[in-house]
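*Asks:* Okay, here's what each chain looks like letter by letter:
2 protein chains.
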Amino acid sequence: MTYVAPTEDMMFVLEELCGLDDISQLPGLEDATADMVGAILEEAGKFAGDVLAPLNAVGDQSGLGFSEGQVTTPEGWSAAYDTLVEMGWNAPTASPDHGGMGLPAVVNAAILEMFNGANTAFQLCPLLTQGAIEAINGYASDDLKALYLPKLVTGEWTGTMNLTEPQAGSDLAAIRSKAVPEGDHYRISGQKIYITYGEHDMAENIVHLVLARLPDAPAGVKGISLFIVPKFIPDAEGAPGTRNDLRCVSIEHKLGIHASPTCTMSYGDEGGAIGYLVGEPNTGLAYMFTMMNNARLGVGLQGVGISEAATQHAVRYAMDRVQGGTPEGAEATIMGHPDIRRMLGLMKARTEAARALAFRAARSLDFAHRSEDEETRAHHQRRVDLLIPVAKAWSTELSVQAASLGVQIHGGMGYIEETGAAQHLRDARITTIYEGTTGIQALDLVGRKIKRDNGTAARELIVDMKATAEALKVQSGGDADWAGLSAMVEEAAGIVSDLTDWLVEQNGTEPLSAAVNILETFGICLGAWVMGDAAMAASKRLADGRNTTHAKAKLSMVRFYASNVFPMAAALHAISKAGNGATLALTAADFDLAI
Amino acid sequence: MTYVAPTEDMMFVLEELCGLDDISQLPGLEDATADMVGAILEEAGKFAGDVLAPLNAVGDQSGLGFSEGQVTTPEGWSAAYDTLVEMGWNAPTASPDHGGMGLPAVVNAAILEMFNGANTAFQLCPLLTQGAIEAINGYASDDLKALYLPKLVTGEWTGTMNLTEPQAGSDLAAIRSKAVPEGDHYRISGQKIYITYGEHDMAENIVHLVLARLPDAPAGVKGISLFIVPKFIPDAEGAPGTRNDLRCVSIEHKLGIHASPTCTMSYGDEGGAIGYLVGEPNTGLAYMFTMMNNARLGVGLQGVGISEAATQHAVRYAMDRVQGGTPEGAEATIMGHPDIRRMLGLMKARTEAARALAFRAARSLDFAHRSEDEETRAHHQRRVDLLIPVAKAWSTELSVQAASLGVQIHGGMGYIEETGAAQHLRDARITTIYEGTTGIQALDLVGRKIKRDNGTAARELIVDMKATAEALKVQSGGDADWAGLSAMVEEAAGIVSDLTDWLVEQNGTEPLSAAVNILETFGICLGAWVMGDAAMAASKRLADGRNTTHAKAKLSMVRFYASNVFPMAAALHAISKAGNGATLALTAADFDLAI
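Chains as they are written, first to last, in my numbering: chain R, 12 to 606; chain V, 12 to 606.
Extracted from the complex, chain R is given alone in its bound form (with noise of 0.2 Å):
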């Protein structure tokens, strides 16, 4: 499958709607310079296309080796993990201080985006570890960091996350999982569902982070602690030593990620796994959820991605399917029927808006780890606490419906597995439900990013829409197409303002219903303001003579996002507010089967 790195893009968003440049100027940033950002992007995509792509349908096609507990990854995976290692591309945000190359949020945005267009089920691996070194760093003793973060940023060892259990899926509070102290470390016993990379052959050790409960622990979920439980417990060197008692006790059989084991982990089965404490007894769930934030935004951007590789292979089959001919007799390709061109549309301007939204909320991750000023690392804490639920939510559910339209552009070929446009489709099918399905994310913005805060930080973000409204009316001069946007971007921020006026009165159970229909609005949205914000970007470079083929595909893009995406966020609106009497009237009669 070929796959290229939407650099220009990709700088575009970073240098025009993040300010690069002042995420430049953070402390410890300060390498992070639009000549050294673009040369990393430009190294990053070689190695997506070159090493990541080339594996994916391979990945797909061949799948998995399962035997006595030990996973096979397909041929040709071993070594390009081993590659990414070598290059460092395994953990490009962590501290130098653990060997990390310490790459902006925004930056690794990009990184993630790239890998996880050319390879989904490949980079689920790297994105697991990340998230381990995140809440080890943020969470472990000095020890435990020393022993387990350098090697888990180079990537010699990797990481996953062991929350799911049979009888609790999304409902954490129903974990069993047993802890037992033991000298210095714990005895951990259980078992855990849906692991991802839970055992591979990629790696000489697996660090797997698992949310378990100790002897005297309270119920629920205030009753959950996080351990650290190594495939082989190191050795006095920090080499990998005794095995521990955990396994692999089968993988799954899946829609897609075919080449991503999703493990069922069993600790214990001898006496217990030894396990160490992270941080705090029974405060393991705010850790994994900080820890969730990170990896939330890292399954949005796997959407995006995904939703990039949908579009470039439709477009390149569009660019090249001749069917019909031009009323001159000429042969044409579909590229040249209008409905072909307003999915393509539909995906790449969708695309671009997710994409734009994503890194935005990676930005304001750097802001709210670095600034040096209290108050702006607050601000952008509420920001990153507001986007992430939606940039991880309305980007999958787009990939969804990117991949579906890249199949439909190949007609009858997209149904073959063999062209490939049905493996995104597989692929992405999965991203609206892991790290927290649509409705969870919807939940979780309705609930605690909104009503919780009593709107503020949505409130925030409706100033930052208006500007970008107003700076669109200036922009326009008369102009009736410049005057359209800023008339969108309004009411998109009408719309979001109404919304959260709303829900800040509810006492009811309408937000629970209302909530994946506001979360669509919400991205159709913040999408409209972000494409905004494109637009004057785009015009000015134009205007510059600066990268106008771009430019001008990016203006494109806005005016068909204006009247071909953003009329759905007033329907959604509607529905959001008048839907919730119907919905909460539905009972289980009316779903009865016998009738």
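Simulated from the structure, these hints should not be mistaken for lab results.
Fair warning: this is a prediction, and the values are worked out from it, not measured in the lab.
For every residue, glycine included, the Cβ atom is placed at its ideal position computed from N, Cα and C.
Just to be clear, a hint being listed does not mean it is correct.
[What the hints assert, rightly or not] Using 27 Å as the maximum straight-line C-alpha spacing, the simulated DSSO-like pairs for lysine-lysine come out as follows:
1. V:484 x V:462
2. R:563 x V:588
3. V:563 x V:551
4. V:233 x V:462
5. R:156 x R:57
6. V:57 x V:563
7. R:477 x R:588
8. R:563 x R:551
9. V:233 x V:156
10. R:588 x V:156
11. V:563 x R:588
12. V:588 x R:484
[To be verified] Partner residues are not named here, just some residues of chain V that face chain R (Cβ under 7 Å, in silico):
13. 263
14. 266
15. 334
16. 353
17. 356
18. 422
19. 427
20. 441
21. 450
22. 523
23. 557
24. 561
25. 578
26. 599
[To be verified] Covered by chain V, per the in silico footprint, the following chain R stretches (three or more residues, Cβ under 8 Å):
27. 114 to 127
28. 263 to 269
29. 410 to 422
30. 430 to 442
31. 517 to 526
Since the structure of chain R is provided, determine the placement of chain V on it from the hints.
*Replies:* Frame of chain R, contents of chain V only:
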């Protein structure tokens, strides 16, 4: 996989929304009383649930064997096919003159939906045979009819449609297969792709209907003729005789419908397959189009069937899956979660709307074929022509959405193939492509069915929609709920009317870029119309104390449709008209992958 035929809702639609009583007044349909039809659907439902459904996952998982031109169907399939033939379910509408049951098309619609819902990959075989019967019955000579129809009607022989060639997807003008006259028959040569059930082991003979060109044929679509090309040439007694010069050279590896062989057929490798001309030379495409009308409705009903099956699957899971608890501490199923109910509501309400609309199209088929009044026949033919692209494309697009929601409701389990939820999505994904993609249906709707007849058929439909709105207004007697439903249907009629007027006025390319949005708008608006009628019928049943459980659920679904589905029509209406400038302005440069 469990499948329970929704006979209660089907009988509701047949009796209350399709006027089954009137249909049983038509010549030849006198036996189609409600009692008789009820008994038939009961039996068909048993066959679907007991025979077809248990083979659905088996077929998906084991797929097809292929070796030396022979296709092996999964275990149990051939026996199930024998049962289908034995019980007379192969071609329920076929005339008793040829051994058929002579059922109304509208009753067959219910049977088709059931069989497709239970096992889409299986039902494709009889669906294609039904198309072949129709083409031969409509256009072939009496000799050909006498030879082929009895065997096709019982299903002892199966039929296929051979249109597509590698260089000609949706563009049939590019067909190159040849037919050279030789005595009373022709020698056929050429390659055809995507031939459903082109080869299999369930019947003793396969009758291919093949589009090919005569030596002196004009170029383009006006030079295509239709031929019967049997796998085994019938001998004097009508038994399968000499093996014809045609073979299956490969089968496709597809995203879904794994047990339905999709064949590449090669004709005439050894000098030319013997074929027999159907009807007049050079008019094959017109014959094929008539035949496709029914096949398109059949695929629309596949969409409804898959939506129903996916909905049932999700409902069972939601009623069974315990997660979290009630405020009182009892265990609770996810059916209690508002967002799960919202998703199930979307699945069920849209499925019911799509069912009613497709059945109404089938009802008009009965009147168009059988009414003794010429004007009535013509009126209903126009109605059929108008509704079929909507029923085909809208129902199938909804089936992809329903199946995808079904996966989502299952959460992580939905992504595991063993659960079966993903199979619905993989199977559904072809339905928006074959028998004419959604784009092709949309061009048919806006071009042939609206612009070409100056909006006549659409305006007749608008009259019926307004009558429903008016009846709802009378029903309301001031009640806000009912007035809201009347307003919905009134608005739906207004939108259909405005789009019809707009289309009739257009002379440029706007209808081409607007087509799919218009089709979807029509779908939602016509769905509102049939749901409005359903509300009145359900309310009457409630008042009369008949089938009250179903009637209550129906009213819940209508209310849900009005507040959670219908509002999308306004947005799509807006995009249909305002989105074309931006779409038509998109150029290949806007999608240039080199920038």
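*Asks:* Against which earlier hints does the structure fall short, listed by number upward?
*Replies:* 1, 5, 10, 23, 27
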